[in-house]
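Novice: Position chains F, Z and G relative to chain E; hints supplied.
Residues per chain are reported as follows:
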Amino acid sequence: MTQGPAITDEVRAMIGATSEPDILEVERGAIRRYADAIEDPNPLFRDVEQARNSRYGEIICPPGFFGWPVKRSGRMGLTAKVREALTKAGYPRLLDGGVEYECFLPIRAGDTLTAYSKIADITEREGKTGKMTFTITETTYVNQNGDLVVKARGTMICR
Amino acid sequence: MPLIERQGKVEKQLYFEDVEVGSEVTPLAKVATTQMLVRWAGASGDFNPLHYDATFATSQGVGSPIVHGALKRAWLGQLMTNWIGEQGFLKKFSCQYRGMDYPRKMKTMTEPEEGETWWCKGTVTKKYVDGDQHIVECDIWVENGKGEKTTPGNATVILPSRA
Amino acid sequence: MAEQINLDEMKKAIGTQSEPSTIEIEKGMIRKFAEAIEDPNPLWQDEQHAKKARHGGIVAPPGLLMAVMMVGQGSPMPFRPPMPRILDGGGEWEYFKPIRPGDVLTVAGKLFDIREREGRMGKMLFIVSETTWTNQKGELVARALGTLINY
Amino acid sequence: MAKQVYYEDVEEGMEIPSLAKDVTTQQLVKWAGASGDYYQIHYDKDFAQATGLPGVIVHGRLKSSFLGQLLSDWVGEEGTVKKVSVQHRGMDFPGEQMTCKGKVTKKHVQDGEHIVELEIWTENPKGERNAPGSAVVALPSRG
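So the sequence lines, in the order shown, correspond to chains E, F, Z and G.
Numbering-wise (the working numbering), the first sequence opens with residue 4 and increments by one.
Numbering-wise (the working numbering), the second sequence opens with residue 175 and increments by one.
Numbering-wise (the working numbering), the third sequence opens with residue 26 and increments by one.
Numbering-wise (the working numbering), the fourth sequence opens with residue -16 and increments by one.
In short, the hints are calculated from the structure, not lab data.
We put the CB at the ideal spot given by N, CA and C, even for glycine.
Heads up, none of these hints are tricks.
Going by beta-carbon spacing under 10 angstroms, a handful of chain Z positions derived as facing chain G:
(1) L90
(2) A92
(3) G115
(4) P123
Bound conformation, chain E alone (with noise of 0.2 angstroms):
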């Protein structure tokens, strides 16, 4: 396939994008499942007894993860456009190149998260297999006390 430049105008017009927010229910049986899902039985995500003597008070989730959306729509909605556009361009392929957390506070069972997002930059380079486009998602996660976090940024790639 003949690739063009991959920063069409397009693509350029969504740097800067935003979502709807995403809302998350932090709730005990999802982080559960998740510890559950890793084999990670450290007793600070499953065991209420334990979480209410800890510092915590309160079963906290493992990092990374975030409850269960109420409505998934937001974060995913805006980095489809932005596929959708690489996709014109040329270039189709979908990398999930890798996620750095910003901790701020820790997240308990009961908490309710909105999450923000917004497509942070979109870069280009030269790869051994041809160009690579980058696209940067940072989400924003505040809890019910209007208090942030975490800050995620996530790396896209297509190809």
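Specialist: Leaving out everything else, chains F, Z and G in the frame of chain E:
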């Protein structure tokens, strides 16, 4: 490897004074299985058939279902939360998905077939005090059975101090 | 292999009860269930809508109690199923009270019956267990009989 | 969803609106996640074949749950599903359309409740009823 060994455990509380640059993060062994991938799909909500449907995975050119990058990320999360204990705080955490991994098949409902074991590892690269926070930075990674670091990353943690 | 089964011996276990367990019904659990079976009924998910409906809030769909591990199922089996293969033979669910998020259900199981039958694939055992769910107010909310086919 | 059905609308022998499901491997994995049933015969083709099955099969409980939806859709917000019974008689495979159907077998008033009994089943494209069963529901009455 029995389940209990694969799960690892939370260490006794680690303090800032216990670590030096070059110290090893207590390694954590993991066995990815076809079953774990389906559990992960259910727990994470990532239902991409690339991770369980052999026909689909073949059509995508990866040969057979591959381990979710985010599952390996979650293992690295456990590596750190086990190590820093209840009094530690994971402040920053990142990883890149560099290579593909393939899960073991299951022999029975509970036992995986013989095969590859993954190791989550880390080393301390920096320690310093910032205000009243005792901060330790680490290189972390997931290493597959061939010794390849398929998921490298970094972590910054705050540890309690004995001082 | 079928010859070695001592049905009379196994039948002595009928009536064995399991240690009761508890399960907390969560909104996310119900939502996940409804997503899995692609059931868009707003009674299961839409707080605003459900508030105005008959039960005054979100309730669990009937199928939630069929999602075995999620809602717990007592399967008191003092012996291993003697034959190598297991199939879920079906079941019967009876509903007495609505189940709501926030409910803490006590799940109790009992070995209800064991029968033997000659099937297409040779001798088959039908192992029937009873499960009851009781809510935090002490109300019996549902009862089920599940059949495991061992062949 | 259809408008509320009342006891008086129902006659013995009438069929209720059917519910079609296109079961995919993805749905089986979602069900595994929702139900906690991680038996490999429902997602690992090699494992399923090693146990003598032609391929991965649909969970029996998923079919029962579809029949639960068939009923809760039909009885509407004012109706109540009182009893569902399902036998898993045969295997179904992802990739095939499944239709859930029901037929009224009996109606009667009991202890002030307007009770309707039904025969329910799933049907595969060959017309085979691999999950037959029965149900008891209560409907509102116009009376």
